[in-house]
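Following the hints, put chains B, C, D and E with the ligands in place on chain A, whose structure we already have.
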Amino acid sequence: MFGQLFISGLATGSLYALTAVAVVVVFRNTRTINLAQGDFSMIGAFVALVLIKSFAFNYYFALAGSVVFCIGLGILAERVVMRQIADSDWLTLFTATLGMYYILHGVAGHFWGRDTKAFPLTFDPTPINVFGGIISQGHVVNMAWAAAIGLVLFIFFKYTKQGIAMRAVTDDPETAALMGIPVRFIVLLTWGMAGFLAAFAGVLIAPIIYVSPEMMDEVLIKGYVAAVFGGLYSIPGAIIGALLIGICENLAGGYLGSHFKTVTAFAMIVLLLAFRPHGLFGIQKRREV
Amino acid sequence: MTSHLRCDEVTVRFGGVVACNKISLDVEEGKIIGLIGPNGAGKTTLFNVLSRFQDCDDGHVYYRDQQIDAKNTHDMINLGMARTFQNINLFGEQTTLENILIGAHHLIGNPYSNMLWLPSARRNERELTDRAVEIAEMLNLGDELDNPVKNLPYGHQKRVEMARALAAKPEMILLDEPVAGCNDEETAELKEIVKRINSELGITIFLVEHDMAMVMTVCDYICVINFGANLAQGTPSEIQSNRDVIKAYLGEDDE
Amino acid sequence: MTLLRLSNLEASYGAVRALQGVSMDVAEGAVVAVLGANGAGKSTTLKAISGVVKPTAGEIEFDGKRLNGMTPNQIVRLGIAQVPEGRKIFKDLTVAENLRMGAYARSDKAEISKDLDMILELFPRLSERAKQLGGTLSGGEQQMLAIGRGLMARPRLLLLDEPSLGLAPIIIADIFATLRKINEEKRMTMLVVEQNANIALKNSSFGYVLQVGRVAVEGVAGDLRQNKEVIESYMGA
Amino acid sequence: ANGPGVTDKEILICSYQPMTGKVSSYFRMGKGADAWFKHVNANGGINGRMIKYKMVDDKYEPARTKNIVKRFVERDKCFAIVAPLGSAPTKAVIDYIVEKGIPLIGAGTGAAKNVFYKSRTVFPLYPPYDKEGTDLVRFTKEVFGAKKIGVIYQNDASGKTHLKGIEVGLKQYGIKMVASEGYEPKEVDLSSQVIKMKNANVDAMICSCAPEPAAKVYTERAKLGLKVPVVNVFFGKSPKVPELAGQAAVEGVYFATIFREWDDPNEHIQKAKGILTKYYPEEQHDAVHLWGFTGAQVFSEAIKRMGSGDITRARLLDTLEGIDNWKGSVVPVVDIGEVGPGEEAIKHLLVPSMNYVVYKGGKFQPFTPPWMK
Amino acid sequence: MADINAAFKAKMVQRKWAAMGVLFLAAVIFPMAPGVESWMASEATLIIMYIMAAQGVSILTGYTGLVTVGHGGFLAVGAYASALSTKYLGTDLITGMFVGAAMSAFVGWALGLVFLRLSGAFMAIGTLGFAFFVGTVVNNVPIFEGREGISLPKNHVIGFEIGDIGFYYTALAALGVTTLFVSLLVRSGVGRAFMALRDSEKAAEASGVNRVFYRTLAFSLSAAVTGVAGVLFAHYVNYVSSEVFADIWYSVDFLVATVVGGSAVLLGPFVGGLFVAFLPTFIELFVDQPGDLAFIIKGGALIFVLIVAPAGVVVGLVQLFRWLRGKLGGDTQ
Ligand SMILES: Nc1ncnc2c1ncn2[C@@H]1O[C@H](COP(=O)(O)OP(=O)(O)OP(=O)(O)O)[C@@H](O)[C@H]1O
Ligand SMILES: Nc1ncnc2c1ncn2[C@@H]1O[C@H](COP(=O)(O)OP(=O)(O)OP(=O)(O)O)[C@@H](O)[C@H]1O
Ligand SMILES: [Mg+2]
Ligand SMILES: [Mg+2]
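Chains as they are written, first to last, in this note's numbering: chain A, 1 to 289; chain B, 1 to 255; chain C, 1 to 237; chain D, 1 to 373; chain E, 1 to 333.
These are calculated hints, taken from the structure and not from any lab test. Bear in mind the structure is a predicted one, so any value in this text is a computation, not a measurement.
In silico contact screen, one side only, chain C against chain A (beta carbon under 7 Å); selected entries:
id, residue
1, S50
2, P72
3, N73
4, V76
5, R77
6, Q82
7, K88
8, F90
9, K91
10, D92
11, L93
12, E97
13, M101
14, A105
Cut-off 20 Å, straight-line C-alpha distance, at most; resulting in silico cross-link-like pairs (SDA-like, lysine to any residue):
id, chain 1, residue 1, chain 2, residue 2
15, D, K22, A, V107
16, D, K100, E, S38
17, D, K54, E, E43
18, A, K161, C, K131
Just so it is clear, CB atoms sit at the ideal spot from N, CA and C, and this is done for glycine as well.
Looking at chain A on its own, in the form it has when it is part of the complex (with noise of 0.2 Å):
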């Protein structure tokens, strides 16, 4: 059973990997957590499904318009909302995502109506079977798709000039205009990843989630205990967190019983920031006297 149940947590992780790097890219680079975050995924496989229902786009084409419009859904974000009100604490930042998250609920409750959706079996509904387990392909895809985005993304803004500007610029965006950063233009691409994250998050976990205003609600608070994992700042962090989760909530469903399976994640973080308040691959700690 051990081997079944590891292998079934690894690939629910996997689902929840993508929005943890996503929570992960807004908070590094706005110092923001995103509670919008789930939604642009959750509008993004609306966008898909209509793509494939009524326009008849294949996947992958459906895919690239979702992103298209999640990064729209992004720039929009941050030009009518976000920038607005760039200069307060972050609370208030806090809180206007959470606006958000209203309204893109109430416009997908509005037009595509509160009951769930299928979204077309795209893989082979043939399982796989690995180390004594078995899994479906649909996982399989999900977690490639999830490492080669987090490794892009480490490498990123580990190396690239762009990415250490964008940690510049939360940083101190004032001091990074100084710079020479163009920090509007930095600024509205984080949200533009975010988006385009948000795209690939939700049109890939659809199929296996289903389609609904509110299927990423539960995901997306799975994906901010997993970035915890990585202090909110590592993005490997939060992938090894996200399926750490995964197999966590598993194993202690199958061994201490299916009441246990839901408050796993809830426990996990409440030790890990009674112990660990900077995540388990959190920051250097920073001298502040």
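Positioned in the frame of chain A, the structure of chains B, C, D and E with the ligands alone reads:
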């Protein structure tokens, strides 16, 4: 001579960096002692150790012969030690008065009766406020009492920090670069204040400063550290003519 | 030839009128000192030049171009860099990354790495700490990093706001010597705000003294050092 | 004289619905009732009166529900409350509703308190879940020939009540339950639950699952190659299940059901389909819509039977209790019993009986278990 | 945050008390006014409960600077503590409030200890985790009776059964007490210590503020106030259920109420509480069956408020007032 504060081979490491390397020194009761040294020598780190913001990896610190290296940061005030920061660290949104009152925090008495404004707390608050106003006036901050400190000029902010430290009725104050960023006029003013605090209130002062004009004129005794280790100690004139100190820190005076 | 000209510059923070008509001329290749008491408006002047503070009136002209209304990053691209007051190190970036950000607007890779070597040589402390986070440096080390970061931009005009703040005496002399050397070799024009009037005037050719948002005294550095008013208020007795 | 909320032109009836918030997908129930009333009004109302059906969003917060119901009663003067949704909200307001003598017809809740309420004014919608649970155990025994079964249930009032009924059934039919796994209504992934079923080597499974989780369970079951027979409770019977999980995964699963099949040629169900499509075209229609439909249809039938006389609450109760063996709705048969004062409302059930279907060859096909033959 | 200068502040203090007085007086008279029906008092009761819960949040988030998205958890703790004591010990509403407050304070204290080193976004996520944790506990530990819930008897206050109007007055009185408490607290030395920790933890510690003690104190006081609101929520409908009290949307709404009103302003929770509690009813006055539209309007209104008055409506109004007075001529302070 009585020792007020004593470091005994204090060592602090940050990963590979040894910020303090077996520093030993003695701060004499009632005096003004200076701590100088090149950038990165470990002065601020040492101050952090003394005020318990930083644990030391080795060595001990004694306050009036009581070992304090396991005390809580907030207990230092109860012992009688207050400090200011190298980078101004005020409660920016709050007024000068409020800032000073926080300095007197350990005098508020029982927090529960304070929180409910019981009669004893009411009396106590009034006394604290009166004293805070007195301190502010002593530091020429009388006009700024009701202004949020973030709007004050830099020099005034430095003084608010000092007032806050004084409000705690300390026996010793640690000052980290009190005159950095001040022009000569302001430096002179602060110098006078430091002297008055020392002589009128009898408070021991331990200060870090790069402004030699200030250090050499106010300090009774100076300790020099370099690369985290003791380099020299002595009176200002001894230090000024010490070859090692000139080489490592003061530089040849070409005027 | 005048590189930078400020005419009747005004700026305010809400109700506080920080600049009330400041005019300055900075010749190409010169080192110009700006002195003044706390709150006189020195930093505000520099911030107005680099576009962080929007002037409410007056003109800023750089190399014949009007800077009013440009964003900071446009201005940096014209060749103006600033070493801001209070260091403003990127705390979560390493020393090396901080320096790299200084050269953000440049694309001449080879020259950048030459400048990097030059700065690490100037501040050996920084090269020891290349991988340390900026926020963990000591006050003086941060100041060195801020200066180094400004130099990495290799600007035509470098604005320095209190570069000597928190530095050990021995370093201050070194730094000014180096700044002068760079000024001469690279023809980098510099506008230096300083509390330490003595050293500032010694290393500059021209000086301005600000008082409550206005230029009170101006003149050739040598003359200012003799000026009684200046001596009294800014150079100690 | 007419009762409150009734004029010669109009009858005002109300309901609270979770239009937003976490269970907003169940607002489908309100939409079902609404569609029916719209249809009624479009055809000239009932005996010359239009039905004004007012739905208000309570976000599934009982404190809000309470205020909303007070508004219905005090401000809006509504005649009856028809097809509202939610166990917790209804529990919070049912005392008040009963106290004020307002007929409560077809509330979407299976919670014991609401279904077994002792009052003549309460008309619960469908059979209590524990009875269904017991029935399902019998099903596993007599249809699947199971000796040890596993149960996957939703960890809420519905699932737990099912579980209670199942436990009764276990004793009654001499069957062992070797695994029982709960899940949270919004749980992302149900793999560990299904893995445990596989591991416990069950002969058959009972799923007390709503459509989405049911689909997840069947997907997982197919993935793991767990071939044991399954029967699902009535509220999971939805075309959504095969749509979400894929037909192959649901092939051969049995479902309990209380409504007629969508492709039953029966005119009433076909009409319902047409009405829903007309008024809520963007929705995919399933059992939840029909919950609302049922209450609404029964209510309008009662009004119709009351003719042109005064419309009062007392007459409404009498008329409702007089509906016997009525086959004019989406439920195969409505047969409302009489409840005396202080008696449990259970005889008032709008939907008293349950049927079974099996999903085969891409559609739900009627299935009659041996004891019903 | 609050950018009100001091002289102005002093005047505002007087005005604030006058405003509070008028507000409470109006609230007392309100149910007796002609044309007021019992449902309006019930609507007001709901608002009162939200205000009180938001007051709890403002102690922690506004004055101590620890953002919490988990106060729904304390709402649940208060609600269940009182519900259980009512069910098993037969306590009345007033005793219930004390029990709820005490239990909540205790849990708050414990949580404060667990999250001793958190701040900013980490604290937000941690408290969110706490709310879910509480949700799962009440959902699964048998004594709490899960989603089935616990139904409570009618409410009693010192032996008398109270109806909805009686409940309104009880809630109002409780709100009076919490408001008085919060206003005393934030002006006291303890309140100063909270704000010091908010503005600079290091400087506060250097000034002798015991971080551990005051953070846990802030947590427990804040939890206690929200806990009392939880007691009211439970007894208002005589019913508790994990389906309701484990809901994180309460947590979120309370935070929104705090931010919208102004997080470190005494009147903030009043405005914010009104905003969250009454907005849906308000929208319904104009739009029939708003449904998802209500969501969109709520989000839009929230963002609008944040853009127009980033420090909250109360602070925004004060600033507007000042600006207008400046415009209308001479009367500068
Ligand atoms: N967290 C840390 N990680 C690594 N190195 C550190 C850390 N904190 C301090 N250091 C190093 O320790 C050394 C001592 O720093 P400290 O701040 O005590 O110097 P200082 O004597 O106060 O210098 P200055 O006069 O420039 O303020 C510095 O070289 C600094 O880079
Ligand atoms: N962000 C701000 N908000 C409000 N007032 C400000 C702000 N920044 C500066 N001021 C005010 O503007 C005036 C000029 O400030 P500026 O920083 O330019 O002075 P400075 O000459 O650089 O002084 P210092 O020597 O202290 O650096 C001062 O009165 C100061 O208090
Ligand atoms: Mg230092
Ligand atoms: Mg300045």
